[in-house]
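Asker: Read in UniProt numbering, the sequence shown has 152 at position 152, and its numbers run on one by one without any break.
Be aware that one or more of the hints could be misleading.
[As the list claims (entries may be wrong)] Listed below are the simulated DSS-like cross-link pairs for lysine-lysine, each with C-alpha atoms no more than 30 angstroms apart in a straight line:
(1) Lys305 to Lys264
(2) Lys297 to Lys215
(3) Lys235 to Lys305
(4) Lys39 to Lys215
(5) Lys297 to Lys235
(6) Lys264 to Lys297
(7) Lys332 to Lys264
(8) Lys235 to Lys332
What the hints contain is simulated information worked out from the structure, not anything from laboratory work.
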Amino acid sequence: MDVIIDPSTTLCLACSASLPPNLRSKTSQTKLHTTNCCKRPICPSCIESNPRLARYDPCLMCLQGVDLVSASSSRSPGMLSPRSPPLLGRLNERSVNLNGAMRDEDAFIVGDEHSDDEEVDEEVIRDDVTSTDSIPSSAPPGYDEAGMQPPAITDSAQHSSTSLAAEPVERTTDDQWLPLDLSSMNLPPTPSELDSFEAQERKSRSAPYKYYLNKTDTLQGLSLRFAVDAREICKLNLLPTSTIRTTPHLLHTRAFLLLPPSAKPHPSLELTKEEEARREEEIVRERAETRLQTLMKEVDWRVAKAYVAVASIEDEALVKLKLKEEGTSRAKGVTALALERYLDDEEWEARERRLGRTPLDITHGNPPSPFKIDSPSISKLLASESGSRDRDRK
Numbered sequence: 001m002d003v004i005i006d007p008s009t010t011l012c013l014a015c016s017a018s019l020p021p022n023l024r025s026k027t028s029q030t031k032l033h034t035t036n037c038c039k040r041p042i043c044p045s046c047i048e049s050n051p052r053l054a055r056y057d058p059c060l061m062c063l064q065g066v067d068l069v070s071a072s073s074s075r076s077p078g079m080l081s082p083r084s085p086p087l088l089g090r091l092n093e094r095s096v097n098l099n100g101a102m103r104d105e106d107a108f109i110v111g112d113e114h115s116d117d118e119e120v121d122e123e124v125i126r127d128d129v130t131s132t133d134s135i136p137s138s139a140p141p142g143y144d145e146a147g148m149q150p151p152a153i154t155d156s157a158q159h160s161s162t163s164l165a166a167e168p169v170e171r172t173t174d175d176q177w178l179p180l181d182l183s184s185m186n187l188p189p190t191p192s193e194l195d196s197f198e199a200q201e202r203k204s205r206s207a208p209y210k211y212y213l214n215k216t217d218t219l220q221g222l223s224l225r226f227a228v229d230a231r232e233i234c235k236l237n238l239l240p241t242s243t244i245r246t247t248p249h250l251l252h253t254r255a256f257l258l259l260p261p262s263a264k265p266h267p268s269l270e271l272t273k274e275e276e277a278r279r280e281e282e283i284v285r286e287r288a289e290t291r292l293q294t295l296m297k298e299v300d301w302r303v304a305k306a307y308v309a310v311a312s313i314e315d316e317a318l319v320k321l322k323l324k325e326e327g328t329s330r331a332k333g334v335t336a337l338a339l340e341r342y343l344d345d346e347e348w349e350a351r352e353r354r355l356g357r358t359p360l361d362i363t364h365g366n367p368p369s370p371f372k373i374d375s376p377s378i379s380k381l382l383a384s385e386s387g388s389r390d391r392d393r394k
């Protein structure tokens with residue numbers, strides 16, 4: 001008995017989609033698959049994508065999908081699962097054909113085509129080998145077949161061949177080969193030789209390096225630049241380990257750092273004597289300016305810079321005398337000279353104010369006469385200016 005399917009109301013059993021419009025005609029009813037158990041339609045697209053849907057008997061809808069595995073087939077009939085619905089009990093009375101198992105044409109195993117190709121290649125190679133064996137070889141016969149003895153290699157020839165292989169040779173103008181002496185050539189050193197030379201230099205050095213700090217230097221940056229542990233730098237320079245991260249500003253309380261001898265060589269560590277003397281002079285001036293501002297409570301840094309500059313160009317005998325009196329370093333000697341000049345000028349300004357003369361007299365065009373100026377610094381500057389004028393006139 002043919003079952004009439006209404007495409008407008010019936011949906012596909014597999015994808016629950018509407019049936020295609022071309023199935024409404026009677027000629028296309030044969031393309032539509034209907035199940036044997038419940039007469040439900042399955043669209044051609046589902047059959048094409050999964051051919052096993054056409055072989056299920058009963059269908060997945062009747063077996064409720066999950067119990068399909070526990071049902072028995074026509075080849076090995078058996079009992080259904082105890083949890084099977086009543087419908088399965090009725091289906092068990094007859095032979096149930098579960099022919100929906102996966103077949104070879106439904107599954108694709110990775111490597112099948114590759115293995116087939118390998119088998120074909122092996123057969124082709126085997127055929128080629130058999131065909132080449134049948135063809136007579138055109139290679140010349142060996143010494144044994146021809147009844148000849150191979151040429152013997154003498155000791156002199158063997159020695160010459162090994163010596164030529166061991167020593168490089170050079171060609172002369174008269175086509176004669178002579179051994180090449182590589183020791184006479186100035187070849188550049190290899191990277192391994194450079195590394196070994198640097199390592200030997202580090203081991204041979206025992207004195208620490210002296211590095212003058214810049215404004216942008218940090219302890220971590222110096223550690224990476226010179227390949228030295230930051231804690232080792234702190235220990236060598238008596239700095240707390242918090243200088244690495246927590247208090248990095250403590251680094252710039254020092255003018256220079258001592259680096260261990262194992263530090264990586266860098267141009268900043270190899271200063272000439274002139275450059276090192278210049279850097280030391282700059283450090284002396286900076287320290288003298290800071291001490292002058294601190295001791296005299298001078299706000300204007302330019303005033304401190306001017307007094308230190310005047311003190312640094314003083315006669316070397318005065319500087320040595322002051323160093324001998326103070327018994328300190330050159331920085332403190334320059335600071336002492338600058339402080340002496342500063343105090344002399346302070347005393348002169350106080351004396352001028354007591355006499356009724358103020359800086360306003362100079363701004364109004366009434367400067368004090370030169371004979372009344374008894375400040376040592378100003379009198380010295382005026383004397384140097386007058387001396388330079390006399391030399392220019394001559």
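Asker: Run the structure past the numbered hints and jot down the numbers of the failing ones, going up.
Answerer: Failing hints, ascending: 1, 3, 4, 5, 6, 7.
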